[in-house]
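Got two chains here, each in a separate frame; can you build the complex from them with the hints?
In order, the protein sequence lines correspond to chains A and B. The first sequence begins at 59 in my numbering and counts up one residue at a time. The second sequence begins at 37 in my numbering and counts up one residue at a time.
Hint data in this document are derived by calculation from the structure and do not stem from the laboratory. Beta carbons are placed, not taken as given, at the ideal position from N, Cα and C, and that holds for glycine. Mixed in with the good hints, there may be bad ones.
[Said to hold, decoys possible] Computed far set for chain B versus chain A, every beta-carbon distance over 10 angstroms: (1) D59; (2) Q71; (3) D128; (4) A171; (5) L320.
[As the list claims (entries may be wrong)] Each computed DSS-like pair below joins lysine-lysine, with the alpha-carbon atoms no more than 30 angstroms apart: (6) K195/B to K350/B; (7) K200/A to K350/B; (8) K356/B to K62/A; (9) K356/B to K200/A.
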Amino acid sequence: MATKVLMEALSPTMEEGRLVEWKKAEGAAVKVGEILAEVETDKAVMDLQARAEGVLLKQAITPGTTVPVGQLVGVIGSAGEDIAGLLGASAAGSAGVPAPPPASAQARTAAVATTPGATAAAAAATPAPGPAPTPTAGGRVKASPLARRMAADRGVDLAGVQGSGPEGRIVVRDLSTGARVTPGLRAEGEAFIEVPLSQIRKTIAKRLTQSIGPVPTFYLTTEIDMERVAEAREALNQSAQRGGAGEEAAKVSFNDIVLKATAMALRQHARCNAWWQDDRIRYWNEVHLSVAVAIEDGLITPVVRHADQKTLREIAVEVRSLATRARERRLTPDQYTGGTFSVSNLGMFEIDQFTAVINPPEAGILAVGSVQAKPVAVEGRVEVRRRMRVTMSCDHRVIDGATGAGFLRTLKGMLENPLAML
Amino acid sequence: MPTLTYRDALNQALREEMARDPDVFLMGEEVGVYQGAYKVSRGLLEEFGPTRVVDTPITELGFAGVGVGAAMVGLRPIIEFMTWNFALLAIDQIVNSAAKMRYMSNGQVGVPIVFRGPAGAALQLGAQHSQSFEAMYAHIPGLKVVMPATPADAKGLLKSAIRDDDPIVFMEGEMLYNTKGEVPDGEHLVPIGVADIKRAGNQVSLFCYSKTVSLALKAAEQLDAEGISAEVIDLRTIRPLDLETVFGSVSRTHRAVIVEEGWPFAGAGAQLVDEIQRGVFDELDAPILRVTGADVPMPYNKHLEKAAKVSPEKVVLAVKRVLYLE
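Pulled out of the complex, with its shape left as it was, chain B reads as follows (with noise of 0.2 angstroms):
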């Protein structure tokens, strides 16, 4: 199986579905010429030309609605974010269109259309550039909120998130995009709703997706020196949740630490917590306990901001106390 970046992997998978289906095309900022501001459509213009890979104006909310309008006339629009904090001027056509046509003309007109772009905190990028949104999209009924951890997942992910009939928020780890994993070629597809167990272990669940998996894992392998068995589940998508997963983990370990690079306050773990005391309360040994973004906007002093993260160390820790040892 051949080693791709997680880069390289959407990609394939972008460059799979344009010659698979006609009707898909890329539009946003950069995507073109500059072959994408994070090299994701790099050789696309080329190779599909201007129709299907379109260069736009530094109008998030117009393109955004471009796309929607494309999407209810039958084709299945990519629409790149250069980040998902530029999104936030396009949000009303997100959250306002493309979330509600479906509802609002009683099933005749769907929006197959699909946001993406990088999400989440870089290196010193300042506050304005460093968020992570899921659970504000994952909070509009209409829309599902699709975050992969691994080159694998980015690919497998994004063509069944093309293929999908219903408005998609894809959001990319910025900071994984360079990291390197097998890759199956041609017709790989990763439904959306179903998590993946990464590791084993029967003490603790430690529920992560997109940066955080690899937190996780490595958080799991430091209590595995200590004698703590710790399994990893990469939830994959944030909404639909893939509860069966979820509970079936909880019903093993009795104890869960959710790990989210977001704010604390109504975050997407807030949800699952809610989801995990109704549906297995009686496997609880410990309260649910999150390892979360500080809830402050992000510092820029790289210090500060390295305080603000959630990292393995606070990962061990939280385990420590659903296990009562801390």
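Next comes chain A alone, as it looks inside the complex (with noise of 0.2 angstroms):
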């Protein structure tokens, strides 16, 4: 009786192998532990080894060839025996279709390319539908009984979650990972963490598509004491002009703290640090912010990488730096691709406030109006004061009204009491 040769997970990690090799031909005699082919693993290049004695009677699977462990890769039996079954029945599954990466893997890759702006250039160019996470055998989604019980009574599509069982098997662990999407989870080391679309995100989705277009917008507004930021601004470029420091570059302006300020408030809500993938939502962990900056015909949105880790004065001076090469027309793809979030300002004008229009696939646009002093009532007492108007302009396929408004109250806070930011 013939045998089937699958690929086998030859590192405890290994979800798919590479047939790097055969080492034995079509119509070879193979003894039990005789190696048939080199497979290369995530970490190695291995040996598959005969489970079976015989003859290998077929090759399934050519040299170069990606496949998910368990797969056949070929076959093993009596010469001349009939295995068009054997063959058959792994048909849909089989042979040369090279499995997509699950999305944790790719997420790896994109952490350890070398720059931050190749890694969300590289993100960047694969737009839209991200590849089927879960390899699956002829398109069945293997899970235990009870993750699909489970992702049911949730409306989680297991075809969108990656399994960590035995060949892809979907376990209730591997849903609560799914459905535990908090801002504050934080897979180490990946710069983003993509999560398929549940149930209730996809009618949200759909509907309000019907509604008001293909970006379903709205808008959030709120108006922002500026005084503490406007004391701390002056100190800084006083403090940076006595040490000799005042050139114009070094000089921080209300938007360099803004853009500040979103990068540090994304962070604690990745909710809003998103991008609408179709089938999905990638919350990033990086925050990198697009900038608007307009010029002569036109406008476009250079992109400040990483910067909730930059220092206000680091972010001003690429912020220059950024502008005037875009001015310039010098702005390479990497430098205005891979945005997460866009800020645009329109203070400079003395628009009090307006609203922007999103930046696909980011989610959300912060639309900043200018700084104006006016009459407020404070502690009861009419004071004139600083104050600044913001409007986030929101994707509610991504983003509900609670999610945005609880990013611009952090926002906010930030803002007037710029100590909240450390």
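Next up, the structure:
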């Protein structure tokens, strides 16, 4: 009787393997334990050994092909044996279709890319629907009975869940990580986390898109007291002048401070630092701010990478440099792609407030108005204070009203009390 | 509460039931003058006399048949086999007579009999004397199979078995006779068909019975030290199975491991696997695993025998596999 040769898990974490080279030709006699092929795992090149004795009747995949663990790669039997049944049965899931890398592997790859710019550019270059994350033989999703029931209860589509059990079986712990997408969740060392759309997010997306267009946007406005920011900014810029570094480049603008505060607030509100990816949402663990810059015949958004990790002065210098390059049309693609959230400031044009258009796949943009002195009630008395209005445009498929409002509250708190940014 | 050995707890059950009901009598090889090969019947001949404590020739089929006949005409015999390995000679009486009479007489003739004796492997007794036959008897409609793990259960279940109106296969753990535990005085009855939760836990259910209960408890302790919470359930009876308790536990833990001394093929645990997967399929997060004796005649060699038996280490490994940790 013929025996299937399957891709084996040759390392504890191996989910798929690339067949490097066949060591036995079709028709060759094999004994148990003999090396059939070399397989590249996630860690090294290993030997795939024969588990049965006979003749290698079929090499079901060609060298260079990557298949998930458990998939048929060959057949051992007796010479002349009819193996059409064996091959046919697994034809659907076999041969030549390289399994898409799981989302987590993608994230890991991105995370080890050499420069942040390349990271985001590479990620941006593969837009819209990501590959199905769970390798499935013949399209069937393997899941434990309990995982199936819980997924149905929660409206989670198992097709979008990465299974961690044997041969990619989805077990309950896989669901709980998928379902526990809290802003605080940060996978160590990964640039982002991708979360398949839950049923409720799918429904929200469908209904709202029907209502107002492909990016169903809503707007949240708040007014922020800028007195303390203004005082801090004046002090900073004076000390920079006294320190002899008082060049134009080192001056910090209100916008630089807004950028810094936005980046810090996004770290606390990962749900707003996200990309809409059609069948999933990518929640970024890194903050890359797109900054809208007006140029002669239009507008471009260079990106301040890792804005949350940069000092105010670093942001100030970088934004000026990017803006200059933008006006000179010398920005390279990696300098204007890969942002995770946008900020657009029309304060210098004395605009009180406005709404900005979202820059897909980002899910949010902050429109910043001018800082104006105006009378406001402070502890029951009218005082003249410097105030600024910001309006956040939110992609409702990703961000709900309360989610966006939570972010704005944090941002407001940071600007009204700059120490909160520390 | 007095502390007794498993052996003395059985002795107490026999004495109390013989004193309570004059129809109860004990019959078997060496049960009288020698007071039992394992001293379970110590003092009974003296107390109840030779008509109620009957020494037999070495004729398992014969005295098992005498017992079935006596039960059919209204007595309540207790038939002791020196070990269940020897009961193979009497299996025709157990299966073809005791288990069939109520059915074939259209309910007119019951067989209130207890077949009892030590079961399972002890130490280096060889392939023919180291066997676990509970699956064979549990296979037979008309028989109940009872396997106590503790002295208290030994007493309470034997008393219930003697009072039961149908044939009972009562298997004592040969390695358990010397184990001690608290045993309630007097009227202590443990109902047949009710499992006992020995240790509560929430990550995996360990189902066990007879000698494997202590193995499972040891495994649970090791697992606890590693932060894994195992529930240990003593089935107490293999047939009928207490499915309510089994299903309740699996519904809490979502994982099950069954620990049994017998062979894997068509073993008692296989039936439990079948019941669980049909009864609470949607609760399972992993395949149900069984830790069983090796699928070989028991080796005499000490090291091979050890390797063939179930152990806490094997249970721990199985638990880690159903938790996807191995």
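Cross-check of the supplied hints:
1. D59: 50 angstroms, holds
2. Q71: Its Cβ never comes within 10 angstroms of chain A, the nearest being 53 angstroms, so this holds.
3. D128: Since the minimum Cβ distance to chain A is about 39 angstroms, D128/B lies beyond 10 angstroms and the statement holds.
4. A171: Per Cβ check, A171/B is outside 10 angstroms of chain A; nearest 26 angstroms; holds.
5. L320: 5 angstroms, violated
6. K195/B to K350/B: 34 angstroms, violated
7. K200/A to K350/B: Answer holds: K200/A to K350/B is near 27 angstroms, not above 30 angstroms.
8. K356/B to K62/A: At roughly 28 angstroms apart (the allowed maximum being 30 angstroms), K62/A and K356/B satisfy the hint.
9. K356/B to K200/A: Roughly 20 angstroms separates the two Cα atoms, so the pair holds.
Consistency with the previously given hints fails for numbers 5 and 6, ordered from lowest to highest.
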